[in-house]
Amino acid sequence: MAIYTIKRLLAAVPVVIGVIAVVFILTSIVPGDPARLIAGKTADPETIQRIREELGLNRPLWEQFTDFFKGVLTFDLGRSYRNNRPVTQVIMERLPLTAKLAVSSTALAVVTGVSLGVVSAVKKDSMLDHGGRVLALLGISAPSFWIGLMVVLLFCVKLRWIPGTGTGDGGWLYLVLPVITLGMRPAAFITRLTRSGMLEVLEQDYIQTAWAKGLPGRAVVLGHALKNAMIPVATVAGTCMAEMMGGAIVVEQFFSLPGVGRLGLEAILARDFPVIRGQVLLLALVFVAVNLLVDLTYPLFDPRIKYGGKRRHE
Amino acid sequence: MENAWSRFLKNKPAMAGLFLVTVIALAAVFAPYITRYQPTEQLIWTEGSKVQLVPPCSRFWFGTDIYGRDMFSRVVYGARASLLIGTASTAISLLIGITLGALAGYYGGVVDDIISWLANVFFAFPFILFVLALVAYLPPGLPLMYAAIGIVNWAGVARLVRGQVLSVREKEYVEAAEALGGSGARIIIRHILPNIMAPVLVQATLGMGGIIMLESSLSFLGFGIQPPTPSWGYEIAQGRQYLLTGAWWWSAFPGMAIMALVMGFNLLGDGLRDLLDPRNDDAYGWWGRG
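Protein chains in written order, with this note's numbering: chain X, 1 to 314; chain U, 1 to 290.
Simulated from the structure, these hints should not be mistaken for lab results. Be a bit skeptical, because a hint or two may be false.
Below, computed lysine-lysine pairings styled on BS3-like, alpha-carbon distance capped at 30 Å [unchecked claim]:
{"no.": "1", "chain 1": "X", "residue 1": "LYS227", "chain 2": "X", "residue 2": "LYS7"}
{"no.": "2", "chain 1": "X", "residue 1": "LYS123", "chain 2": "U", "residue 2": "LYS10"}
{"no.": "3", "chain 1": "X", "residue 1": "LYS158", "chain 2": "U", "residue 2": "LYS50"}
{"no.": "4", "chain 1": "U", "residue 1": "LYS10", "chain 2": "X", "residue 2": "LYS124"}
Between beta-carbon pairs, the in silico distance windows are [claimed, not checked]:
{"no.": "5", "chain 1": "X", "residue 1": "LEU199", "chain 2": "U", "residue 2": "TRP45", "range": "39 to 47 Å"}
{"no.": "6", "chain 1": "X", "residue 1": "PHE69", "chain 2": "U", "residue 2": "PRO143", "range": "32 to 40 Å"}
{"no.": "7", "chain 1": "X", "residue 1": "GLU203", "chain 2": "U", "residue 2": "ALA91", "range": "36 to 44 Å"}
{"no.": "8", "chain 1": "X", "residue 1": "GLN204", "chain 2": "U", "residue 2": "GLU175", "range": "33 to 41 Å"}
{"no.": "9", "chain 1": "U", "residue 1": "GLU175", "chain 2": "X", "residue 2": "ARG304", "range": "28 to 36 Å"}
{"no.": "10", "chain 1": "X", "residue 1": "GLY223", "chain 2": "U", "residue 2": "PRO194", "range": "44 to 52 Å"}
{"no.": "11", "chain 1": "X", "residue 1": "VAL103", "chain 2": "U", "residue 2": "ILE114", "range": "34 to 42 Å"}
{"no.": "12", "chain 1": "X", "residue 1": "ASP125", "chain 2": "U", "residue 2": "ASN3", "range": "18 to 26 Å"}
Calculated Cβ distances over 12 Å to all of chain X for the following chain U residues [stated by the list, open to error]:
{"no.": "13", "residue": "ALA27"}
{"no.": "14", "residue": "THR40"}
{"no.": "15", "residue": "ILE44"}
{"no.": "16", "residue": "SER58"}
{"no.": "17", "residue": "PHE60"}
{"no.": "18", "residue": "ILE92"}
{"no.": "19", "residue": "GLY108"}
{"no.": "20", "residue": "VAL174"}
{"no.": "21", "residue": "ALA177"}
{"no.": "22", "residue": "GLY184"}
{"no.": "23", "residue": "GLN226"}
Ideal Cβ positions, reconstructed from N, Cα and C, are used throughout, including at glycine.
My request is simple: use the sequences and hints to build the entire structure.
As structure tokens, this is what we get:
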């Protein structure tokens with residue numbers, strides 16, 4: 001397992017270097033001079049030139065890239081153009097909220113998706129199954145911001161149960177609607193995936209044997225069948241969480257939550273390239289880490305999968 | 001093939017998907033003939049005031065917005081933007097993805113290593129941030145938006161095509177073509193691609209939903225199609241401000257239109273998969289990157 005993990009981490013190095021190179025090239029070639037933006041519209045050419053020199057923008061691109069790369073290795077991602085604060089600090093301030101949002105939404109998606117999927121598969125072709133499939137179809141087809149609108153309309157306007165947007169005192173109540181909004185689509189997707197996986201597993205011989213042995217329904221469905229239908233669910237849950245860490249821009253913007261996604265949007269609008277580079281790098285690392293973690297959970301669901309050793313039951 | 005077609009006709013969800021996509025596409029094409037007003041026309045009552053925020057009624061089926069524009073017209077014309085971006089971006093991602101995926105799968109070695117590395121880099125990229133940055137920094141215009149979204153989606157297509165090419169490149173008919181002295185490009189285009197297009201078509205159809213959703217998200221954030229041209233995402237963003245005052249129709253109908261079109265492509269893609277690629281029955285395509 002340890003050797004496999006090290007191999008995977010080493011394999012991720014070229015990918016992360018590629019991400020660093022692509023984001024650096026992209027942010028370097030876009031039109032518009034950050035020095036001019038920082039200096040303001042009325043600034044004279046000398047001031048703009050001085051800022052360019054301070055930021056190192058007058059140096060050759062290759063030198064800038066080497067410096068940036070060295071900085072990455074020492075966790076120094078430079079300073080934000082907007083407020084001159086260290087990029088790592090700016091991102092780390094915003095990260096906990098987004099992480100809380102992504103983890104909660106993924107947990108919600110897995111719990112609801114797996115439950116609905118199991119019920120749908122066990123009660124195949126019943127009203128419950130049809131209802132579950134229609135819900136999954138609707139959930140997959142609706143854009144997150146529209147789901148957000150509908151939940152705000154229901155819970156804030158009609159029922160008046162939960163406050164609408166913002167973080168308030170930082171309590172969990174303010175995260176309820178964003179979590180529902182963000183978790184709805186993955187939940188629908190996991191429902192569908194669990195249902196199709198369960199239907200396949202339930203037809204296997206060993207499940208028939210378990211029934212024939214007279215095991216209780218719960219033991220057969222949850223103990224024997226579900227475990228084997230969980231690998232694709234784990235993969236998708238991991239991908240969803242990694243994407244939410246970077247892709248919750250719309251939901252964060254919608255609910256006015258100061259997370260990493262919104263920071264990215266603000267940085268793009270302000271041409272704050274160091275922050276954009278730092279954020280892309282961080283999210284690429286999260287993506288690599290989450291994928292690795294998901295792979296490492298596979299043996300929990302299927303003992304035949306064993307990293308760094310011989311395969312069992314082949 | 002006849003058997004396959006009759007199976008498709010019997011697949012109710014797939015037919016429902018085909019129906020939804022066809023109806024919306026026809027509405028987009030014949031928009032001037034089925035709408036009563038121009039989508040940008042600010043309507044005025046006879047006494048001179050604007051036809052503002054009128055709820056759905058027999059005259060304005062989807063109500064009107066704060067500027068006095070007919071929402072039915074805006075929703076129908078908005079379908080043009082979604083379908084155009086969905087089709088154009090899918091075409092771009094297919095062009096890049098099929099080319100690079102086929103090269104990687106056929107030639108292997110260093111070519112495969114470089115292309116696979118590039119695909120992995122794109123997978124690890126936070127894609128919405130990438131598209132937002134491209135759309136924000138490139139000069140405004142639809143073709144650049146198609147390209148930005150298409151560029152993001154190529155990696156998935158390339159990975160699929162590479163796998164498919166790997167599975168057919170050792171087949172006897174490919175070996176025969178090589179023995180006859182066919183060039184690499186000719187073998188890929190004439191012999192390999194026609195035999196691997198079924199799963200690509202399925203992924204492209206399923207991916208359309210994701211792209212349409214991505215375009216609506218961009219428009220919602222104000223980065224997509226620029227007003228006054230109607231776009232579903234932008235309408236939802238605008239209508240959101242009036243939701244609390246009770247004008248639900250401004251956001252609700254464009255949202256339902258997005259759902260209907262995305263659902264149509266998802267159902268259609270599923271049906272095509274049952275028809276063309278029955279071995280691969282996972283549901284990953286629905287997730288897309290949208």
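Each hint, compared with the structure:
Distance restraint check for LYS227 (chain X) and LYS7 (chain X): the Cα-Cα separation of roughly 27 Å lies within the 30 Å cut-off, and the hinted pair is therefore satisfied. Of the pairs offered as hints, the one joining LYS123 (chain X) and LYS10 (chain U) holds, with about 24 Å between alpha carbons and a cut-off of 30 Å not exceeded. This hinted pair checks out: LYS158 (chain X) and LYS50 (chain U) have alpha carbons roughly 29 Å apart, not beyond 30 Å. With a CA separation close to 20 Å, the supplied pair LYS10 (chain U) and LYS124 (chain X) stays within the 30 Å bound.
The hinted range of 39 to 47 Å is not satisfied by LEU199 (chain X) and TRP45 (chain U), whose Cβ atoms lie roughly 58 Å apart. In this structure, PHE69 (chain X) and PRO143 (chain U) meet the distance hint of 32 to 40 Å, their C-beta atoms being roughly 34 Å apart. Restraint check, GLU203 (chain X) to ALA91 (chain U): a C-beta distance of roughly 40 Å satisfies the suggested window 36 to 44 Å. At roughly 38 Å, the beta-carbon separation of GLN204 (chain X) and GLU175 (chain U) lies within the given 33 to 41 Å, and the hint holds.
Checked against the hint of 28 to 36 Å, the pair GLU175 (chain U) and ARG304 (chain X) passes, with Cβ atoms roughly 35 Å apart. Against the hinted window of 44 to 52 Å, the Cβ-Cβ separation of GLY223 (chain X) and PRO194 (chain U) comes to about 47 Å, which satisfies the hint. Evaluation of the 34 to 42 Å hint for VAL103 (chain X) and ILE114 (chain U) yields a pass: the beta carbon distance comes to about 36 Å. For the pair ASP125 (chain X) and ASN3 (chain U), the beta carbons lie near 25 Å from each other, so the given range of 18 to 26 Å is met.
The Cβ of ALA27 (chain U) lies farther than 12 Å from every Cβ of chain X, with a closest approach of about 18 Å, so its non-interface assignment holds. At roughly 23 Å, the least C-beta separation between THR40 (chain U) and chain X is larger than 12 Å, which holds for a residue marked as non-interface. A cut-off of 12 Å between C-beta atoms confirms that ILE44 (chain U) is not in contact with chain X; the least separation is 29 Å. Every Cβ of chain X is farther than 12 Å from the Cβ of SER58 (chain U); the closest lies at roughly 25 Å, confirming the non-interface assignment.
No Cβ of chain X comes within 12 Å of the Cβ of PHE60 (chain U); the nearest lies about 21 Å off, and the non-interface call holds. Look at ILE92 (chain U): its CB is around 18 Å from the nearest CB on chain X, clear of 12 Å, so calling it non-interface holds up. Interface exclusion of GLY108 (chain U) from chain X stands, the closest Cβ pair being 18 Å apart, more than 12 Å. For VAL174 (chain U), the non-interface assignment is confirmed: its Cβ lies about 30 Å from the closest Cβ of chain X, beyond the 12 Å cut-off.
The claim that ALA177 (chain U) lies off the interface holds: its Cβ sits roughly 34 Å from the closest Cβ of chain X, which is beyond the 12 Å cut-off. Consistency note on GLY184 (chain U): stated as away from chain X, and its beta-carbon is indeed over 12 Å from all of that chain's, at 26 Å minimum. For GLN226 (chain U), the shortest C-beta to C-beta distance to chain X comes to about 16 Å, beyond the 12 Å cut-off, and the non-interface label holds.
Hint violations for this structure: number 5 only, all remaining hints satisfied.
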